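K.L.:
Use these hints to put chain B onto chain A, whose structure you have.
Just so you know, the protein sequences line up as chains A and B, in that order. Residues in the first sequence are numbered consecutively from 0, following numbering that gives the first Met the number 0. Residues in the second sequence are numbered consecutively from 0, following numbering that gives the first Met the number 0.
Hint data in this document are derived by calculation from the structure and do not stem from the laboratory. Incorrect hints may have been included.
Only pairs whose alpha carbons sit at most 27 Å apart, straight line, appear in this in silico DSSO-like list of lysine-lysine [as the list claims (entries may be wrong)]:
#1 Lys56/A to Lys164/B
#2 Lys4/B to Lys58/B
#3 Lys4/B to Lys29/A
Over the 10 Å line for every Cβ pair with chain A, so calculated as not near, a few chain B residues [to be verified]:
#4 Glu2
#5 Ser55
#6 Arg84
Stretch by stretch, here's where chain A covers chain B in the computed footprint (C-beta under 8 Å, at least three residues) [stated by the list, open to error]:
#7 16–27
#8 60–69
#9 134–144
#10 152–160
As the structure is a computational prediction, the values presented were derived from the model and not from experiment. Positions of the beta carbon are idealized from the N, C-alpha and C atoms, including for glycine.
Spelled out, the chains give:
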Amino acid sequence: MFNNDNFDRLINNKNKPQDIDQQEKEEIKKYLKFVEAYKQKTSYNPGENTKDRVLSKIKKRKFIPYRIAVAAAACLLVLFTGIDFISNNTIIIANKNASETNSEIERNVDLSNFEDIDEELVRRSVGFFNESDNTESDYMVLGTGF
Amino acid sequence: MNEKKLIEGLKKKKVWAYEALYDEYAPKLGSVIKSYLKTDDVEDVLQETFIKVFKSIKKFRGDSKLSTWLYRITVNVCKDIIAKRKKRKQFLTDFQEREENYNLNPKSSTNVFKEVMDELSYEELIKVINRLSEEDRLLIKLRDVDGLAYSEIADIIDKPVGTVKSKLHYARKRLRDMLEEVDYHVQ
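Extracted from the complex, chain A is given alone in its bound form (with noise of 0.2 Å):
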C-alpha cells in the first residue's frame, strides 16, 4: 500500500510505475481498472428525443419576451378602445332650470343596460327619451353618442 504522495503523482502524470514494488503496481493497475470501470459505467449517449425536448423548450424561452410585447400590445389596443367608446358614447344631462354652473348632471349611459330596463320606468325617471309625447322635462341631453 502507498503511504505516501506516490500514489498521486504517478496517477497525475500517467508514467509507467518502475520504482514501485509489485503490490504497488497491482493497486494501481486496480485503481486503473475502477476509473476505465467508472468510465464506461457513467458514459452517456443522449437521444434525439432529449435533444428536441431542449431545443424546444429553449425555443420557448426565446420567444417569450416577443410574446409579452404582442400580449401588451393587444391590452394596449383593447384599454384605448375602450376609452374612445366610453368617451364617444357619454351624454350630460344638465337642468334646464338650474344654473349652467352648479346644475350639470353628467352621466355615462351604457347602451347595453337600457335593453333590460322597463321603458315606462325609464320614461318616468327621465323624462327626455318622451320627447314623441311632448312632455315636459326638467331635463336636457348635451353630449354626444348612440
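P.N.:
Positioned in the frame of chain A, the structure of chain B alone reads:
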C-alpha cells in the same frame, strides 16, 4: 466549431448554436450528472442545465473555458437537486427506490457494460460507487475519468487549487481503501 463563434451564437440566442452546444457537450455533461447524482435518469437534469445556460450565457465573460463554465453550471444544478432531495423526505424515498432500480436494472450502455464485465466485478463496482460520497465521485470523475486540469476543477467547484488537490488525494485514498476492502478483481 470555433468556440468564439459558438459563444456569440449562444449570446444571440441562435438555435443552431444551442444545437451545436448540445451535440458537443450533452454526452460529457450527461456523464457528469449520471456520476454525481448516481442515476440513469439524466434527461430532466440535462434539460434544466441547458435552460440555465440559455438564461445565464450573457453573464459568461470568457474568463474560463466554455467547457469549464458548462461543467460548473451542471454541478450547481446537481447540487440544487441534491439539496432539494435532502429537504424533502419523500424525495429521499424516491431516490432510494431509484437507487435500487439503478443497481438491479441498469439501462442502455450499462447493460452492454455489464455484459462485458464479470458479474462479481460489476456488483463490486456498484458497491464501491454507492459508498463513495457525492464530492468524491465528482472529483474522481472530473480528474481521473475526464482528465480535467486541477485549475479547471477548482473553477468548477469554486475552491482553491490546493483544496482540490488535497480533497482529491483523500478521495483517491478512500477509494483505494474501498477497492481493497471489497477485493475488487482486476481482470
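K.L.:
Give a verdict on every hint.
P.N.:
Structure-based check of each hint:
no.	hint	verdict
1	Lys56/A to Lys164/B	violated, 38 Å
2	Lys4/B to Lys58/B	holds, 16 Å
3	Lys4/B to Lys29/A	violated, 43 Å
4	Glu2	holds, 19 Å
5	Ser55	holds, 12 Å
6	Arg84	holds, 19 Å
7	16–27	holds (count 6)
8	60–69	violated (count 0)
9	134–144	holds (count 4)
10	152–160	violated (count 0)
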